[in-house]
Amino acid sequence: MINVSTLIKDLIILSYVIIFSQNLEKMASRALIQRVKKQLVDLNKVSVRHEGIFTKYREPPNGFLFNRKPLKPGEKREWEPWQKIWYVGWSTSALILAVGTYYRPDESILVWGRREAFKRIAEIEGTEDSE
76 MINVSTLIKD LIILSYVIIF SQNLEKMASR ALIQRVKKQL VDLNKVSVRH EGIFTKYREP
136 PNGFLFNRKP LKPGEKREWE PWQKIWYVGW STSALILAVG TYYRPDESIL VWGRREAFKR
196 IAEIEGTEDS E
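To convert, count from 1 in the sequence shown and add 75; that's the working numbering.
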């Protein structure tokens, strides 16, 4: 396995060699460049995947989505055990969200200002009636 920190250190050393010393550049940069190239090639080799996640072999593609063959006419696909919980959970949460959004209190500044204005008008009219 390739150590990425070693690759980064080598790239930093290479940049310092190129920037700060012209004499060392000719000698050391070739060796460092070859070392970095070798590590990059090795890094590409590591990223190739040969196995599946759950299996120790790779299933060949058969041209169907999720490797499921189409159903015959009149046949129904059987639900997986998790599907009922998933659909019931999401539809319940969507229903709760919709009801909660519909019945949420209206606390905008315009509604508050309107209520406050009606209170003040009622107070002013109440004081005028008592005079």
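Calculated from the structure, these hints are not laboratory results. Fair warning: this is a prediction, and the values are worked out from it, not measured in the lab. Ideal placement from N, C-alpha and C gives every residue a C-beta, glycine not left out. Possibly wrong hints are sitting among the right ones.
[Claimed, not checked] Here are the in silico distance ranges between beta carbons for each label pair:
id	residue 1	residue 2	range
1	Ser168	Lys144	57 to 67 Å
2	Val163	Gly201	49 to 59 Å
3	Val163	Pro136	43 to 53 Å
4	Ile88	Tyr162	55 to 65 Å
5	Glu155	Arg133	29 to 39 Å
6	Gly164	Asn78	35 to 45 Å
7	Lys147	Asp85	57 to 67 Å
[What the hints assert, rightly or not] Listed below are the simulated DMTMM-like cross-link pairs for lysine to aspartate or glutamate, each with C-alpha atoms no more than 20 Å apart in a straight line:
id	residue 1	residue 2
8	Lys194	Asp204
9	Lys112	Glu150
10	Lys194	Glu182
11	Lys144	Glu155
12	Lys113	Glu155
13	Lys194	Asp181
Hint check:
1. Ser168 x Lys144: 57 to 67 Å: violated (33 Å)
2. Val163 x Gly201: 49 to 59 Å: holds (55 Å)
3. Val163 x Pro136: 43 to 53 Å: For proline 136 against valine 163, whose Cβ atoms are near 33 Å apart, the range 43 to 53 Å is violated.
4. Ile88 x Tyr162: 55 to 65 Å: holds (57 Å)
5. Glu155 x Arg133: 29 to 39 Å: This hint is violated: roughly 23 Å between Cβ atoms.
6. Gly164 x Asn78: 35 to 45 Å: Since glycine 164 and asparagine 78 have Cβ atoms about 44 Å apart, the given range 35 to 45 Å holds.
7. Lys147 x Asp85: 57 to 67 Å: holds (60 Å)
8. Lys194 x Asp204: holds (15 Å)
9. Lys112 x Glu150: violated (56 Å)
10. Lys194 x Glu182: holds (17 Å)
11. Lys144 x Glu155: holds (16 Å)
12. Lys113 x Glu155: violated (48 Å)
13. Lys194 x Asp181: holds (18 Å)
The earlier numbered hints that this structure contradicts are 1, 3, 5, 9, 12.
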